[in-house]
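Enquirer: For the record, the sequence lines run as chains L and R. Counting with our numbering, you get residues 1 to 659 for the letters of the first sequence. Counting with our numbering, you get residues 1 to 659 for the letters of the second sequence.
One or more of the hints may lead you astray.
A few chain R residues facing chain L, derived, Cβ under 7 Å [stated by the list, open to error]:
1. N352
2. D355
3. V356
4. F357
5. T358
6. Y414
7. P417
8. T425
9. D426
10. K492
11. T500
12. Q501
Read the hints as simulated data drawn from the structure, not as lab findings. Think of the CB as a built atom: it goes at the ideal place given N, C-alpha and C, for glycine as much as any other residue.
2 protein chains.
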Amino acid sequence: MEKWIITREGYEPEEYTDNGNRFLIGNGLIGVRGTLEEYTADKMVAINLAGIYDKAPGQTWREPINAPNAFFAKLENQSSILSHKQSLNIAFGLHSRETDYENATLRIERFCSMAEPNILCQKISITPKGKPVTLICGIDSEIWDINGTHLTDFKTSVTDTLRVSALTSEQRIPITVTERCNRTADEVREIRSSLFRVFNVKEKLVLERIIAINSELTPGSYDEKLSAHKKIWERLWENSEVKIKGDDKAALSLRYSLYHLHSIAPRHADSLSIPARGLSGQTYKGAIFWDTEVFLMPFFTLTEPAVARKFIKYRINTLGGAREKAAEYGFDGAFFAWESQDGGVDGCTDFNVVDVFTNRPVRTYFRDKQIHISGDIVYALGKYIDWTGDKNILENGGDELIRACADFYRSRAYSRPGSDKLEFTDVVGPDEYHERVYNNAFTNRIAAYALEKAGYDCKVREPIFKDGIVEQFDGYFNLEDVSLAEVRSRLKHPREYWGTQSGVAFSTQIIKQADVIALMHLFQDDFTDDIVKNNWEYYEPRTEHGSSLSACMYALTACRFGKPDLAYPLFMKSARSDLDGGGKSWAGNVYIGGTHPAAAGGAYMIATQGFAGLSLQDGQPVLKPSLPEQIESIKFPLIFRGKHMHVNVTHDKAEITQN
Amino acid sequence: MEKWIITREGYEPEEYTDNGNRFLIGNGLIGVRGTLEEYTADKMVAINLAGIYDKAPGQTWREPINAPNAFFAKLENQSSILSHKQSLNIAFGLHSRETDYENATLRIERFCSMAEPNILCQKISITPKGKPVTLICGIDSEIWDINGTHLTDFKTSVTDTLRVSALTSEQRIPITVTERCNRTADEVREIRSSLFRVFNVKEKLVLERIIAINSELTPGSYDEKLSAHKKIWERLWENSEVKIKGDDKAALSLRYSLYHLHSIAPRHADSLSIPARGLSGQTYKGAIFWDTEVFLMPFFTLTEPAVARKFIKYRINTLGGAREKAAEYGFDGAFFAWESQDGGVDGCTDFNVVDVFTNRPVRTYFRDKQIHISGDIVYALGKYIDWTGDKNILENGGDELIRACADFYRSRAYSRPGSDKLEFTDVVGPDEYHERVYNNAFTNRIAAYALEKAGYDCKVREPIFKDGIVEQFDGYFNLEDVSLAEVRSRLKHPREYWGTQSGVAFSTQIIKQADVIALMHLFQDDFTDDIVKNNWEYYEPRTEHGSSLSACMYALTACRFGKPDLAYPLFMKSARSDLDGGGKSWAGNVYIGGTHPAAAGGAYMIATQGFAGLSLQDGQPVLKPSLPEQIESIKFPLIFRGKHMHVNVTHDKAEITQN
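Input sequences plus hints: build the corresponding full structure.
Expert: And the structure:
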């Protein structure tokens, strides 16, 4: 059972950032950062709500809302800590902490109910060691906000329950938090819109608190709710657990990744997607990126296609925003948001980077030139149908989406006089360090895919090869060919941005992340293994891997040409991204950290499509294993066109069986 | 006669930069900065040679060569200066200085012979006031070089003449300086490749020195050479003098401008052009810019068409370089150099700006995207033929040039699917603060001109009007509309560059220089006076005038819509650019100063095409005067299709008469 539990021993107050991500729990509607119960706004406590976006006063963009923290609990007059342990049971998303103070022992567990997505549950157990102690718990309204206070017009009510309600500042969306406790408090304190129960504890006391966010409380005890919660988790694992034998660390790391994906899947909604930083806060405006389509879809398509369908429906339902964006730039069809918020509004600004030398916002081209996003969505839809057979979605908006994306590309394209080839000028590919390039191979191919799916008779300029290497974009090979170390040594400030016209990478062949290599994974049939290998060897040393989306693509392609040993460390890096923490969390004084769902989804892709070599051939799943030495076998279930199947891959055999 | 003499009284050693430009003399082959005779390398002394480019050791680009300074002269053990006067007679390019020291009076005059372009002449007169003094004069080899030492392998020879010769460091081009003096020195000193005559002077001594650069000395005395020199200047003025009545300051300023243009015109060569900073040093690599075609051609076309023809021949003879540049970028035809050096090699680098915050070179797009240059050249050729009738040049390379430029544009263009309109994507127009724009109105029009001249059946996308204002490029009106003062206030460093992605102007409507307004002057027939006025009023407050090419275009168009009062200060600014000095001379520690021939040529354009309103209509010169109040009349000669004509414009009448 140990392999299902993540633990940190010892109290390290400075680790609140990484622990907040590492120990996150959630149920798709609500994400709760893994901060300790006594923490407040300054330690980035967040009860993050999926799909609710609003502007703080004076803010020019929307971002997600955090609810008042009903998990707040604290031993008043805390004495010295003798021992401390924080842990997370990833089998069913149960967060625990146990702290031995000089004067009392405090143990708290909590979970976000998978059975009732609006319900959070907490059990507090406190045992004084002699003198009585005072325990305070309740709803703390001093909550973390990165860019200004979102909630306003607070109201409180105290009956047998505590209730704090507020409105969001822009759209005045009501946010309510209601709590009931199995024990009557000695006192209820109201401090600036926060409500706390106060218990004078003389002997061991166990509190069970049931919390409802934006709904009424439901009946049932803590244990009853935990039991219903566990049942759902059991079913989730049944359909998704990847069993890795021979490498416990890899096994746990991957299991942790899948735990995280399950915790943030929007099962409660008909049409919703997953933000780039999941439900771990307001970073990146809580927006939906291409991460969902390229890095999250495979996991959900194979294990829980109903969730994958919600991602597609989200895009179909935000076609309006995508059409408006295309029109804004003078194009036809649908140009999806680079950072999609409700209604498909693009949260991405034209100035997405701040110059560390001048502290001035710098014009970037993520919003207006990263046009591969529309094709990424068509691609995800296509693959979703290939695997699930759910053609019904085409009639329900899918066909319209494909046509709209193809219309966008057709109107965005140019041709040279006398040629019928469409070219995509002035784009940004996955490698954002090189803005405004021509005929980015990735972008051209994904646009061609969309045009082809729409049945349009268009030819798109093919990639240019030089000595077997695909040129990432026109003129890439003319850029300075210099080592990553050399480029890094040119930095004059540790946090300066590598891209834009004056950045260190811009005029060199150093790229941010997989670009040609991402192309070679997504369009496997276009390239022979030899070509993939040559390109890997060319581009990998030139890649900074400055994005969590990069490692996965390099790992997948390395498996393909028979080098799983090259893939293995990239797999571990992807799978352990949030477990290990320590990644880039701050850009200047802006928090850009949080969890990395795309890396988690990427880890699943490496295990299944890379190590097990799963793909579709002639419409049927096939295996071409490429197992690293450390791993004896990989087994996992999958759903193919409604049929439950099981993959079993060892170094000697590879089989797909139908249940 | 006073109105022909420029004078500065008092010794101001710090003014050596401005005075070097202000008092420049030249004959087209040689330019001599207006520095004092005792100055040496650190005071930017230069005997600048037209058309010879070479690299200093380790330099990655070529720049012009300065010859050893044979005008060097110095009173040894200089005592205090009692009075000092430096002056320039612009009637025939005679530079004089007179300095009254405590112990002697020194008077020196010098000129660059217009009759014999390789010959320089100097007359030194020294009068001791009591005790004998020592005068040293000779050939000083310690010469000014901005970016490293160009001359090497020095040799000296002393016979009845002094001779210093050297080789350029890259191409080993021989540079020789030979001097004879009418008096025998008491001593000849050789100090590190420099040769000096030393005179112990007891009573008034007059030395006459004749110097030959890169040729043998020719016979003749100082006075004989001066007389031949003056004769040529007389003829030049006869064909070019613009007489402004009622405003002596304006008259002198314009005369000074024309003096400068005459001094740098390459009469000695069959095919040569004028660098952006004339013959005043190595700034901007001594390269030829579009300045020649747009700002210098009108003066020479009307007053000395043989020189204008040399400019065109220079472009015809550098077609090879332009073809190579086009091929380098994958295009057909001729893409002329942005900074043209010998053979048409582009001296412009991809990194033409240094970031003041990081001291790193920044990628700029002047070289690869400022494609209007090829059209500017076709335009100049077209106007040259319109005025001179010299169709013969078409058979001598002109037709080939036009076709090559049109081929370039055709291959550089794109069309949207289903449209036959050519668009020019990703260009830089005259306003360099906005790089990589689409359908810059100026660029599209000048490209259309070239295509039309070549007889190609192409349509180019027309400019977009909004409320009567031409949009400078697609999307310009969406940029932040903010005042020039506001943008200036955002600067964080006095020398930071306004353009590039992270510069203060880039995302605003603030532009560097006339762009739409330049278009409206060059293509007068495309726009009504009302439209010109509206556009002037829109763009002028949004123009930084960060280039000396800007004022002229605004002045010309203001005259057109009947506001010469708006034009007048811009005229004075253009005409007095080098007289007043004080302009931007340094960018970081790089000298970017020097003379401004384009501003001088612009002053001529304003006086003739603006104030006098000269243009061609139905192939005949016509006048539409727009005289400022201050000016009573303007008279000037011109040559139209070989016929000498005379313009006379007052507030009451305007006439063109044939001689």
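Enquirer: Could you tell me which of the hints above the structure violates, numbers in ascending order?
Expert: The structure conflicts with hints 1 and 3, although it agrees with all the remaining ones.
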